Amino acid sequence: MLGSRQTRLSHLTSMNKDWVLTQESFEALLTWLDSNRDIAGEKYEQIRTRLIKIFACRGCNESEDLADETINRVTNRLREIGATFTGEPALYFFGVANKVHLEFLRRKPTPSLPIATESSEEAGEEAELQSQCLDRCIGQLTQVNRELVMEYYQENKRAKIEHRKHLADRLGIAVNALRIRAHRIRRSLQNCVQECLNEATA
Amino acid sequence: MLKSQIEAQKEIRQYLLGTLSPERAAELEESLLLDSEIYEELLIAEDELIDQFIEGEMSPAERAAVETHFLRSPERKKQLSFARTLKSYVSANTSPKPEVSDSRARNGTAWGQPPKKRFFRDLLFPPNPAFALSLAAALVLISVGGVWLANRMNQPSQPQAVWAVELTPGLQRDGGEITSLAIPANTDTVRPELDLADDQFQSYQAEVVDISGRSVITGKYLKAQTSKNRRIVPFEIKAALLLPGEYRAKLSGLSADGRVENLDTYPFKVLRK
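If you read the sequences in order, they're chains Y and S. The working numbering puts the first residue of the first sequence at 1, with every later residue one more than the last. The working numbering puts the first residue of the second sequence at 1, with every later residue one more than the last.
One or more of the hints may lead you astray.
Said to hold, decoys possible - Below, in silico cross-link-like pairs of lysine-lysine (DSS-like), each with a Cα-Cα straight-line distance of 30 Å or less:
1) S:Lys-77 / Y:Lys-99
2) S:Lys-250 / S:Lys-228
3) S:Lys-78 / Y:Lys-157
4) Y:Lys-160 / S:Lys-269
5) S:Lys-250 / S:Lys-269
6) Y:Lys-99 / S:Lys-78
7) S:Lys-269 / S:Lys-223
8) S:Lys-77 / Y:Lys-160
9) S:Lys-220 / Y:Lys-157
10) S:Lys-10 / Y:Lys-165
11) S:Lys-87 / Y:Lys-165
12) Y:Lys-160 / S:Lys-220
13) S:Lys-78 / Y:Lys-160
14) Y:Lys-157 / S:Lys-77
15) S:Lys-10 / Y:Lys-157
16) S:Lys-220 / S:Lys-78
17) S:Lys-228 / Y:Lys-165
18) Y:Lys-160 / S:Lys-10
Said to hold, decoys possible - Cβ-to-Cβ under 8 Å is the rule here; a few derived chain S residues that face chain Y:
19) Gly-18
20) Leu-33
21) Leu-43
22) Ile-44
23) Glu-57
24) Thr-94
25) Ser-215
Keep in mind the hints are simulated off the structure, nothing from the lab. All values derive from a computational prediction rather than experimental measurement. Backbone N, C-alpha and C define an ideal beta-carbon position, used for all residues, glycine too.
Given these sequences and hints, build the entire structure.
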């Protein structure tokens, strides 16, 4: 998967969209990240995922493209960086990401319209399919994880806090440990549901 | 994280809402790239923010920040949609809270227990007259809708939203072939009707699994019905989930004392659409 990565830059009108990451330059990037290829691959995925998240946190709706543009620029400068830069590569990416973000802001003013969040009838259809996918994914969890997620997400407001305290006591773990465990199960469920939706709409 | 956990969580929340100072935001972003624990904390905070947004547990200012800043990314909109589905699913599949406020009793509630009988009693004898009127109106609408749907389903040449199909246990009697389903185009929902040899359970559960044994859907608390002088257990499944291939619907019976008994298996094959 790593070797076949191609950048998707169709939305970037004024950036370096003609420059495509070649296999050779990608290999050079991995070597810079770590001499062990497996570790380098993990680092690459980690940096890319987190750059996407950072751009999303800054309110960019093209966060994936901006992260790829950042990686392209870093890769393009590897010969200069390799000789002079010392330290954590992730921080170099961060510096480049800041420049990419500034260019993005200059190019594209942030729209001020509020984003619609209410579901329409069409969204209702999708929600129904998503619900069936969720049922399937919950069915694939271990019984322990299934019960934990069903209990953790019960209740609202004050009752929720109390409920989670009792649940953590019963499991013999701290509330924060329970919070992390529930979150990991939720993430796995969300990924499973997304795969199911992709299958259903393919 | 040098600050206390609560302070760090508060700061991450402000960052997600776009209200953290640029200097602190830059420091936090560097930490996100280098520290996996802080990154996971951010992911958790995202989920919690979305849950609070859905449940209306935030101030108008925070709500506005979520709508105009936090939800700008398509990925976050997917997270919101998933969170809504998860919330509905949990509400629909857990027992209502016991009237006696006993945390031990509540914690002991098993996932997937059927709703309490009180719910049905309240439906039959509503305590509130206004609710009774609304319920009567809803029943009239449901009846009219039912007649309309029945008429619609008797017209096979027209596109069908719900497509009913009878499934028999084991191999099909005529020639030993598995029941083949050519799901009509425009079908939104497939309604398998599982033939029931002996209706002796309070409710039933049907699970559809694919050829590799992976669960596609599970229908719980299904009730047996009479159709054309036979007892059937119907349930519904989105047509989009039934990709071409072989499946088995596994029927179990659920007795009043919570005992589950495997009953029959209904093999079927979905043909290429």
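Would the pair Lys-250 (chain S) and Lys-269 (chain S) pass a check requiring their Cα atoms to be no farther apart than 30 Å? holds (14 Å)
Are the Cα atoms of Lys-87 (chain S) and Lys-165 (chain Y) separated by 30 Å or less? Distance of about 19 Å is within 30 Å: holds.
With the threshold set at 30 Å, check whether the alpha-carbon distance from Lys-77 (chain S) to Lys-160 (chain Y) stays at or below it. Holds - the C-alpha atoms of Lys-160 (chain Y) and Lys-77 (chain S) are around 24 Å apart, at most 30 Å.
Satisfaction of hint between Lys-165 (chain Y) and Lys-228 (chain S), Cα-Cα up to 30 Å: Answer violated: Lys-228 (chain S) to Lys-165 (chain Y) is near 53 Å, above 30 Å.
Does Glu-57 (chain S) hold up as a contact with chain Y if the rule is Cβ-Cβ below 8 Å? With a minimum Cβ separation of about 6 Å from chain Y (threshold 8 Å), the hint on Glu-57 (chain S) holds.
With the threshold set at 30 Å, check whether the alpha-carbon distance from Lys-220 (chain S) to Lys-78 (chain S) stays at or below it. This hinted pair holds, its Cα atoms lying about 27 Å apart.
CA of Lys-10 (chain S) to CA of Lys-165 (chain Y), is that 30 Å or under? With a Cα-Cα distance of about 20 Å, the restraint between Lys-10 (chain S) and Lys-165 (chain Y) holds, given a limit of 30 Å.
Less than 8 Å between beta-carbons is the criterion; does Thr-94 (chain S) satisfy it with respect to chain Y? holds (6 Å)
Evaluation of the interface hint that places Leu-33 (chain S) against chain Y, nearest CB under 8 Å: holds (4 Å)
Run the distance test for Lys-160 (chain Y) versus Lys-269 (chain S): straight-line Cα separation, threshold 30 Å. violated (44 Å)
Holds or violated: the hint that Ile-44 (chain S) contacts chain Y, with Cβ atoms closer than 8 Å. holds (5 Å)
Keeping to a limit of 30 Å between CA atoms, is the pair of Lys-220 (chain S) and Lys-157 (chain Y) held or broken? Satisfied, since the Cα-Cα distance of roughly 28 Å is no more than 30 Å.
Of the numbered hints given earlier, the model fails hints 4, 17; all others are met.
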